[in-house]
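Visitor: Just so you know, the sequences run in chain order P and Z. If you count the first sequence from 1, position 43 lands on 43 in my numbering, and the numbers rise without skipping. If you count the second sequence from 1, position 47 lands on 47 in my numbering, and the numbers rise without skipping.
Hints in this document: simulated from the structure, not taken from any laboratory. Beta carbons: idealized from backbone N, C-alpha and C, even for Gly. Please note that the accuracy of each hint is not assured.
What the hints assert, rightly or not - Okay, derived cross-link-like pairs now, DSSO-like style, lysine-lysine, Cα gap no bigger than 27 Å in a straight line:
(1) 24(P) <-> 33(Z)
(2) 528(Z) <-> 606(Z)
(3) 81(Z) <-> 98(Z)
(4) 24(P) <-> 293(Z)
(5) 325(Z) <-> 314(Z)
(6) 33(Z) <-> 33(P)
(7) 528(Z) <-> 559(Z)
(8) 11(P) <-> 34(Z)
(9) 33(P) <-> 34(Z)
(10) 33(P) <-> 11(P)
(11) 314(Z) <-> 293(Z)
(12) 11(P) <-> 33(Z)
(13) 559(Z) <-> 34(Z)
(14) 24(P) <-> 34(Z)
Said to hold, decoys possible - Label-pair restraints from in silico Cβ distances:
(15) 162(Z) <-> 26(P): 33 to 41 Å
(16) 7(P) <-> 186(Z): 46 to 54 Å
(17) 326(Z) <-> 27(P): 58 to 66 Å
(18) 117(Z) <-> 36(P): 50 to 58 Å
(19) 63(P) <-> 145(Z): 34 to 42 Å
(20) 326(Z) <-> 7(P): 30 to 38 Å
(21) 26(P) <-> 363(Z): 50 to 58 Å
(22) 7(P) <-> 18(Z): 23 to 31 Å
(23) 7(P) <-> 159(Z): 23 to 31 Å
(24) 26(P) <-> 37(Z): 35 to 43 Å
(25) 37(Z) <-> 27(P): 50 to 58 Å
(26) 63(P) <-> 291(Z): 45 to 53 Å
Here are the chains, one letter per residue:
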Amino acid sequence: MHETGKLMTRKDFLLEMDEILGLKTGTLRGDEKLEELENWDSTALISLIVLAETSNNVKISPDQVVGCSTVADLLRLAQVEG
Amino acid sequence: MTSETTTTHSDILRLLKFPTAAGDVLRKRHSLKKELLNQGNLVPTRIAILGGSTTSEVKNMLELFLLAQGIQPTFYESGYKQYAEDVLFENPSLWNFKPDIVFLHTTWHNVSQFPELLEAEMEVERRVHREMERFESLWEKISSDLGAVIIQNNFDLPRLRPLGNLEAFEPSGRINFLMRLNSEFANYARKHSRFLINDILYLSAQVGLDAWHGHTYWYNFHMAVSPTATVPLAQNVAAIIKSVYGKTKKCLVLDLDNTLWGGVVGDDGVQNLVLGREHPVGEAFLDFQRYVKELQRRGIILAVCSKNDVENAKEGFSHPDSILKLEDFGAFKANWNPKPDNIREIAMELNIGLDSLVFVDDNPAERSLVADQLPEVAVPDIGSDVSRFAEVLEHERYFEVDKIVQDDLNRSTFYSSNAQRSSYQSGFRDYGEFLSSLEMTAEIAPFSMVYLERITQLINKTNQFNLTTRRYTSAEIEEIAEDPGFVTLYGRLTDKFGDNGLVSALIGRVRGETLEMDLWLMSCRVLKRDMELAMFDALIEQCQARGIRKIVGVYIPSKKNGMVSGHYAGLGFARLSESSGDRESWEYDASQPHSARTRFIHRTTKALPTVANA
């Protein structure tokens, strides 16, 4: 799990996303299309919003997320670096 | 911890325990589910979630918390906001789904009409009435057509108050109106045993209204409850369902020093224990004792498991401020043996399974030892701060019940009577003489509606003396009771020490002149009392009266029912060749003349009066 109080990096976020989707650690690389991901559903989306809000204190409007089509789009929204 | 770290089984399942971090549960839902599905002995159930808002997150979280209770759900979800239409227009998918449980996930958003500003009180009451009619028509249709247990949210409160504090008491105020509806929902629940309230008014207050609703989730996803608040919501619904299946814990095992009072009674002396109103910590211990006493009064058995000399341990209860008294405990173990050994003995003495016990000890080493050696026992991370003990117990919902039945209220006294029975036994030359002196009477008769809830409870929580471990909902039991294609019997046992309650049930399916036993079980609290023989005698009578010539007994071995592996052989059944390791079949010729097997139990088919326990 990502360490509390520290901003998430791109790597952290991808690992958390693996976890949320129930994928093997290290599966996601950042260029995948969301629709094609195994287990992609509304709960996954909502869990990611909760994650970005609590870990990086980013307010993502869900509408913005709906506009995302790739993992890279999500990384941009969650404002993760590194 | 990083995601690469290897997490163990118990590490990940700890996420579901107090204090539950909702974000973690959401994130790890897939790993949690995978881990939970590895458990054996899951009870299947069919749940229809009829939503007044989005329900998929509720479903996903509910699945986790049910699996954690050993219940494996299959779900039906209504379309968005289709909770009323699905029922009123008899959606064939819902009707074909045949739910055991219907969960109506409605919130204040689903009130059809709030009062107009400054509307007269009488008109507001008419609105309450109309709203109730709308909901009642759904509940009654679900009940009559689907026969399912109903779990209905009461109403939470909106975050905004256009009328300010007037909302609470002005008749047209929304808060006042919602409270009126909640009161009417409660009235309905009191009159309908298979209708249960999921108290989201309380849950939302506990979480806080802002966190409960979240800010954007309603507009973007039409989630009436925020994702993080969905976690405690699901936990609460799972606790209700657990109680419907009778999976409630029965006994609270308590350490003494620094658990029920501050200090060590053996070292400090009873007069120096921290207990009482004059000390802040003493007051917290007093309040915890009061909470425990409340549990005991509603039928939870209390036991002591303490490293102490027994005399010192007992003396602690003579403290003038102690709310708990020695006679409140059904078992008392104070010695220097390892706690897991003592807890095993407590379970044996009380004749209940280890999985019915909750162990509370301020010492983390003892907790860890018990959790490790007795994984069936629930061991909450109670911490060492007494002011939070009750909160942790509440959070885990160990003792959730869907109603309080007379047997529950009798239970605590039953167990102290049981202790009397045991000491009484030691004075006899042989066991037969002991049984005979107990002056036992058994009421054995086909399933009766008055006992429906208790029969269901017994069926769903008995694991050891249970030949097939089949589980049933109360709706199924009701159907079977009325179906001439079944033979059913329940057994209730009383003796000179008091009422043991309804302790045995069996169900057989009639196929021509053969009766196939779907279920035969008995509460372990009446083991070795010949009650199974009394049930057998009654069963043979039923068969002979109905022209049944052959009984086929079925034994499905499970992890817990090894004690009944010889049940049918002992009764004189012959093992059939079709038996396998997973399922044994046994046959008995019911047409042969029968002489009663039980010598010590007087049988009657008439309702015995409720006997006050000695």
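Visitor: Look at each hint and say if it fits the structure.
Guide: For each hint, the structure was consulted:
1. Between the alpha carbons of residue 24(P) and residue 33(Z) the distance comes to roughly 15 Å, so the proposed pair stays at or under 27 Å and holds.
2. For a cut-off of 27 Å, the pair hint linking residue 528(Z) to residue 606(Z) stands: about 24 Å separates their Cα positions.
3. Proposed proximity of residue 81(Z) and residue 98(Z) is supported: the alpha carbons are some 20 Å apart, at most 27 Å.
4. The straight-line distance between the Cα atoms of residue 24(P) and residue 293(Z) is roughly 49 Å, outside the 27 Å bound, and the hint therefore fails.
5. Simply put, residue 325(Z) and residue 314(Z) have alpha-carbon atoms about 9 Å apart, close enough for the 27 Å limit, and the pair holds.
6. Restraint check for residue 33(Z) and residue 33(P): satisfied, since their Cα atoms lie roughly 25 Å apart, inside the 27 Å limit.
7. Proximity of residue 528(Z) to residue 559(Z) is assessed by CA-CA distance (about 21 Å); at most 27 Å being required, the pair is judged to hold.
8. Distance hint between residue 11(P) and residue 34(Z) is fulfilled; the C-alpha atoms sit about 24 Å from each other, no more than 27 Å.
9. The suggested pairing of residue 33(P) with residue 34(Z) holds, with an alpha-carbon distance near 25 Å, which does not exceed 27 Å.
10. Of the supplied pair hints, the one linking residue 33(P) and residue 11(P) holds, its CA atoms being roughly 18 Å apart against a limit of 27 Å.
11. For a cut-off of 27 Å, the pair hint linking residue 314(Z) to residue 293(Z) stands: about 17 Å separates their Cα positions.
12. About 25 Å separates the Cα atoms of residue 11(P) and residue 33(Z), which keeps this hinted pair within 27 Å; it holds.
13. This hinted pair checks out: residue 559(Z) and residue 34(Z) have alpha carbons roughly 21 Å apart, not beyond 27 Å.
14. With a C-alpha separation of about 13 Å, the suggested pair residue 24(P) and residue 34(Z) falls inside the 27 Å cut-off, and the hint holds.
15. Between residue 162(Z) and residue 26(P) the C-beta distance comes to about 52 Å, which lies outside the given range of 33 to 41 Å.
16. At about 48 Å, the CB distance of residue 7(P) to residue 186(Z) agrees with the hint of 46 to 54 Å.
17. At roughly 60 Å, the beta-carbon separation of residue 326(Z) and residue 27(P) lies within the given 58 to 66 Å, and the hint holds.
18. The hinted range of 50 to 58 Å is satisfied by residue 117(Z) and residue 36(P), whose Cβ atoms lie roughly 52 Å apart.
19. The hint said 34 to 42 Å for the Cβ distance between residue 63(P) and residue 145(Z), and at roughly 41 Å that hint holds.
20. Range check, residue 326(Z) to residue 7(P): about 58 Å between beta-carbon atoms, so the 30 to 38 Å window is missed.
21. Roughly 41 Å separates the CB atoms of residue 26(P) and residue 363(Z), a value that falls outside the hinted 50 to 58 Å.
22. Checked against the given bound of 23 to 31 Å, the beta carbons of residue 7(P) and residue 18(Z), roughly 29 Å apart, stay inside it.
23. Checking the proposed 23 to 31 Å range against residue 7(P) and residue 159(Z) shows it holds: the Cβ atoms sit about 30 Å from each other.
24. Taken as a hint, the range 35 to 43 Å is violated for the pair residue 26(P) and residue 37(Z), whose Cβ atoms sit roughly 24 Å apart.
25. Distance hint for residue 37(Z) and residue 27(P): a CB-CB separation of about 21 Å, inconsistent with the stated range 50 to 58 Å.
26. For the hinted restraint 45 to 53 Å between residue 63(P) and residue 291(Z), the CB-CB distance of approximately 47 Å keeps it satisfied.
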